[in-house]
Amino acid sequence: MKPILAITMGDPAGIGPEIVVRSLSRKETYEKCRPIVTGDAGVMKEAVRLLGLDLEVNAVDKVEDAKFQYGVIDVLDLKCVDLSSFRFGEVQSQCGNAAFLSIRKAIDLALANEVDGTVTAPLNKEALNLAGHHYDGHTEIYATFTGTKKYAMMLADENIRVIHVSTHVPLRKACDLVKKERVIEVAELIYDACRQLGIENPLIGIAGLNPHSSENGMFGFEEKEEIIPAIEQLRARGFNVDGPVPPDSIFAKAKCGKYDACVAMYHDQGHIPLKMCAFNWNKETGKMEAASGVNITLGLPIIRVSVDHGTAFDVAGKGIASDDAMVMSIDYATRMAKTRLAKKK
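Residue numbers (the numbering used here): 143 to 487.
The hints are simulated quantities; they were obtained by calculation from the structure and are not laboratory data. Everything numeric in this text was worked out from a predicted model, so none of it was measured. Just to be clear, a hint being listed does not mean it is correct.
In silico lysine-lysine, DSS-like type, Cα no more than 27 angstroms apart, as pairs [to be verified]:
1) Lys417 / Lys292
2) Lys247 / Lys321
3) Lys425 / Lys321
4) Lys480 / Lys292
5) Lys144 / Lys247
With the sequences and hints as input, model every part of the structure.
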């Protein structure tokens, strides 16, 4: 029942290879899953050297050739980086292409049922587009190559799990996108995700859009016309939902364990509280010390979990990047994959 996970190396000029190697240097990782990296074996060897770890990099052409044993990092070697011209911390087209190829390979393996889930390290959008791959990020790549039309991101860190009615749109447009059908759709997605994580009857908190959830129409009409009808329909269908909960208090309650998951109405409403909890900024050094949140794409036919931070070019190649988010991502992917495997049996 230990699932096989494809872990992408991310943009090799960033911290992706480092945090992947560091997470795979932990014995507990191999006690819960069988990881295989998709990317460039040379880059992964360089990351092992950089971190000073006593680990073997096993370059393979097929998943079935992996050793899946602690002390060995299996890499499905795509031979996609020219190390002679490679540089840490810089936007490079070859690195954007390498990141894209590692993602495509992970997706293909999952669709072919050769792996049970995928975990992604961060990519750089500028490098990705410089390489000719014109996508906004991981989510759009996964949606395109899995043929998925309805999807959404779930962010998670400890007790907070949040999904969004809208994400990368102007705030003025985000208000117009608060529609009953979309609220129901994302509530269904996050409810199913909680079930995959082993929460049998999750309580979903649904945020309002306006201050104080509009105070019965004093500060807006979206709650009465769109959000409350969605909540009523969800309850009629047997979903355990609460709301509309005032946006300024819903995440404080979630952090303390009241809700198993939350529905946010727009990007920053959900991202800001999550990152307040997950990101740890060191004032003395002026750097991000740790970032532990994860990003899960819901609605896909395959499992995709990612770290919820970027490539951190400013610290790449220095061997100091935290693998907290990668460890959490592997854990989430493992739990979701085990649930799917159990259902298949």
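Hints and how they fare:
no.	hint	verdict
1	Lys417 / Lys292	25 angstroms, holds
2	Lys247 / Lys321	36 angstroms, violated
3	Lys425 / Lys321	41 angstroms, violated
4	Lys480 / Lys292	24 angstroms, holds
5	Lys144 / Lys247	21 angstroms, holds
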